[in-house]
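Since the structure of chain A is already known, use the hints to place chain B on it.
There are 2 protein chains.
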Amino acid sequence: MSILCVGSIALDSVETPFGKAERVLGGSAIFFSASASLLTDVSVVGVVGHDYPLDQLRFLSNRGVDLSGIEREDGESFSWAGRYHSDLNTRDTLETHLGVFEEFRPKIPGEFRQSQYVFLANIDPVLQHQVLDQVDSPEVVACDTMNYWIEGKREALTDLLARVDILMLNDEEARQLAGKSNLIRASQWIQERGPEIVIIKKGEHGAILFADDWIFFVPGFPLEQVFDPTGAGDAFAGGVLGYVAQQESVAVDNLRRAMVYGSVLGSFAVEQFSIDGLKDLGEPEILARVAKLRAMTRFEVGEEIERRV
Amino acid sequence: MSILCVGSIALDSVETPFGKAERVLGGSAIFFSASASLLTDVSVVGVVGHDYPLDQLRFLSNRGVDLSGIEREDGESFSWAGRYHSDLNTRDTLETHLGVFEEFRPKIPGEFRQSQYVFLANIDPVLQHQVLDQVDSPEVVACDTMNYWIEGKREALTDLLARVDILMLNDEEARQLAGKSNLIRASQWIQERGPEIVIIKKGEHGAILFADDWIFFVPGFPLEQVFDPTGAGDAFAGGVLGYVAQQESVAVDNLRRAMVYGSVLGSFAVEQFSIDGLKDLGEPEILARVAKLRAMTRFEVGEEIERRV
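Taken in sequence, the protein lines are chains A and B.
Under this note's numbering, the first residue of the first sequence is numbered 9, with each subsequent residue one higher.
Under this note's numbering, the first residue of the second sequence is numbered 9, with each subsequent residue one higher.
For reference, chain A alone in the conformation it holds in the complex (with noise of 0.2 Å):
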């Protein structure tokens, strides 16, 4: 089943420890649809400036990402620079430049109307509102948002919320969002605002997905070497919903596979600048993770625990 994911298109430059990388593919529509579009069909909705190397995403449509509904304006892209500190943790914006992106108020093309499965990337809560507006009847929206919008505007996110079923945010964002330190219970508060789910992603420590009467762990993948962590919540989102929309499930056991595969496509997602760790990349060295994963979390318990379980 096709994604529509509308969020931001965007022209990355990034210094981390390791390297440097200028005017490179970016924004979270893009990290998020080189990571979907891996599991599932995906259709794109956002703008780009003239400046854009619209060229550049043809393996995206070779995919089967529907990119017509990118709309180019006359102006220049939205760019962000940023600079990575050594842990890679933590990173200071150097610059961000709105471009044709100031302007946007996302129109979805009538093919794309029916969409079962949305993802509201991290925009502007308004225009996250007006993307909902335009589309049907929808299966499973899921959502990711920022401090910036928590801070800035709180209510039509908090409004937002009824008509999300699975929101996605980091930890700090979480406990900012509900004013609640504990997860658990910021967790809760959310979900009283509307999502059955809240995924809240740890970035290194991994992810948690709260629902009303389950959790579910995944932890970061392991790698010797991260390069470049910009997108990698983007790629999380690509992999977890990517995976639902291909099985066509909310189904308990299907969420946890779900978990799984964001872990995943997160980590190829920042072993390379950009998208580069999600261009080259098939279904065997997906697999291959999983069942590292798998490895890396199993254990056996008696029968007297599992009778519990």
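Among the hints, erroneous ones may be present.
Because identical chains share one entry, a pair is satisfied inside a single copy or across any pair of copies.
As the list claims (entries may be wrong) - BS3-like mimics (lysine-lysine), calculated; alpha carbons at most 30 Å apart, straight line:
id : residue 1 : residue 2
1  : K210      : K188
2  : K28       : K188
3  : K300      : K287
4  : K188      : K300
Hints were generated in silico from the structure; no laboratory data involved.
Chain B only, in chain A's frame:
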């Protein structure tokens, strides 16, 4: 099988956002044995001053902990005072008073020298050497340490590694000891110097076990309320080594389960001040959390992936 544990025995004064405790039972040997004794027998070697409320340790004797290796010296007990910040992940040490601990030279009573399982709790590595000099030929030596010794006693500590089978330390300490920010590489550095197994503790994020050719993750057991994180690492170690000694096995599958017991016992420790969370605890409560952790981490994969695991 019984574990010999040598470490500090302290009186802790702790302030958290939720309350205050004055001169309560603490120290690495006490947290470790309060935890490990839920799974197997323990013998403790350490020192206290005239002011230590040894009667409060009776619940340990009742559980089969041999306290005859605790020397009582004329002087004040080791005491520590700390205050946790609101997120409970960081703390300030307000006071450290070494007291009789300053002159502590571990003397291992004859009947403990045949111990097959030894836990060198976090004390000066020079003293940890002295312990091993007095033990005949232990099957498993597990060891904890901290930044203070990594900085101040690096040579004694790296020498000690050659005598250790399982090194347990937190992520920052592993990075500091190995001089490598990547945890896989830091573990490899440590393994090259002796320990076959390195267990890296990550607080609320759980722990990772690195062996030669396998890795195992256990998440932190999720709690709605963490009351006092003091001693969590020692309680975790008590769960890990306690289970290993109970089962008399360092087989891979057993070590995996041991990590789960570590996480579970660590979770009980942080729910109350001092060792109170480990005091009135029985097998049913422990097994219930083991079962919950299993439910939170298990996922099924298809035959195609299972074959690769």
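A quick look at each hint next to the structure:
1. K210 to K188: both (16 Å within a copy, 21 Å between copies)
2. K28 to K188: This pair counts as between: shortest inter-copy Cα distance 21 Å, intra-copy 37 Å.
3. K300 to K287: within (21 Å within a copy, 38 Å between copies)
4. K188 to K300: between (34 Å within a copy, 24 Å between copies)
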